[in-house]
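Each residue of the sequence shown is one higher than the one before, counting from 128 in the numbering used here.
Each hint can be trusted.
Heads up, simulated EDC-like pairs for lysine to aspartate or glutamate below, C-alpha to C-alpha not over 20 angstroms straight-line: (1) K432 to E475; (2) K263 to E253; (3) K305 to E366; (4) K322 to E300; (5) K263 to E234; (6) K322 to E293; (7) K223 to E253.
To be clear, the hints were calculated from the coordinates, so they are not data collected in a lab.
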Amino acid sequence: MQKPPWEQGVGKHRKIVPYLPDKFSSQVKQAIDSVIDLTKIPNSSRPDGSQITPPPLSAPELLWSQLLPPPEELLEPPATPEVPSPSIQETITVDKFEFTGNTAFSEQELATVTEPFTNRPITFAELLSARTAVTKLYTDNGYLTSGAFIPPQSLDGGSVTIAILEGGLDEIEVNGTKRLNSGYVRSRLEIATGKPLNVQHLLDALRLLQLDPLIENLSAELSTGSGPGTSLLTVTLTEANSWSSQIIANNGRSPSVGSFRRGVSLRQANLLGLGDGLSVSYTNTDGSDGIDLSYSLPINPHNGKVTISYGDTSSEVTEDPFNALDIESDSRYFDLTIRQPLVQTPTEEFALGLTASRRESETVFLEDLGFPSLGADEDGRTRVSAVRFFQEWTKR
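I would like the entire structure built from these sequences, with the hints used as guidance.
In structure tokens form, the structure reads like this:
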């Protein structure tokens, strides 16, 4: 059988050659045969199965093979030099601990919590436990931003110094105030946030502020301050409406001047933004008219307050048969009151106060005759000055 034009040779010596039309020259055929012929490819099999040795490396290739190390040496990481570790004693014996930076607790109180670590060999881990015991004393008592650490020192003298960093507030930032001065809020928190900062005292101060009628609600956030051991307190509040009014209607007056009393009262609890309050009220009956004024001003962050009051009332007897005597009276009063809470917690308050009063009245009948009454002079006038001491205890 005639072989196809692209298959030549016999048996395993056969090779595949491209079929080219006669129009291609013999030089082109030889060039293609030299590329496709397997016997001319390095490291390929001969027709008899033996391997063909590749031609020797050229001079540049031989040079690079001599300069470069083997691949396993190129990929191997460099060895880390050994650093001799410092010699540390396995145990030390501490005769006593000394403390620096402590103000919340005395030396004796701190020595009590570290006593289990003295006068016996302790490891470095136990030394750190002594430091932790001091920190725990602070945190258990509400000083959450305070802690102890062991500064660099020699540990072979029998005495170890524990330094204490007592945390404090770097700044109190007040947000949300409108009419109320931010200093009113800040000053009431500063008295509870001295150094070292006690978080429980801070919470009590925030609860007291929440009870203030000038504040509707508030929230607080404690974050890291600008330096070691410092914190930033951010307080956001909503002010309550400081205006209030009241309609008065009762039967609290004497029947001689008309027992049914009506009136109106207005109050601004934060007149100047200082927590100062102004009250004005007017009342009348069929035979009387009265006006009362009162102004109160906080004098310290502990809610100490000074109050000045004034009132004036004019009346005439309208009840039969005494109305025929045409009895008229005018009275007025002046009060100066100082009130200072001594104990303030969210659940109770104890306060002391002092009031200085002045009372004046004039009563006449039949137009210009002094009305005789107890303590009145011949013109029907009375003058009373008094100082009153009072105490208040409130349980919420």
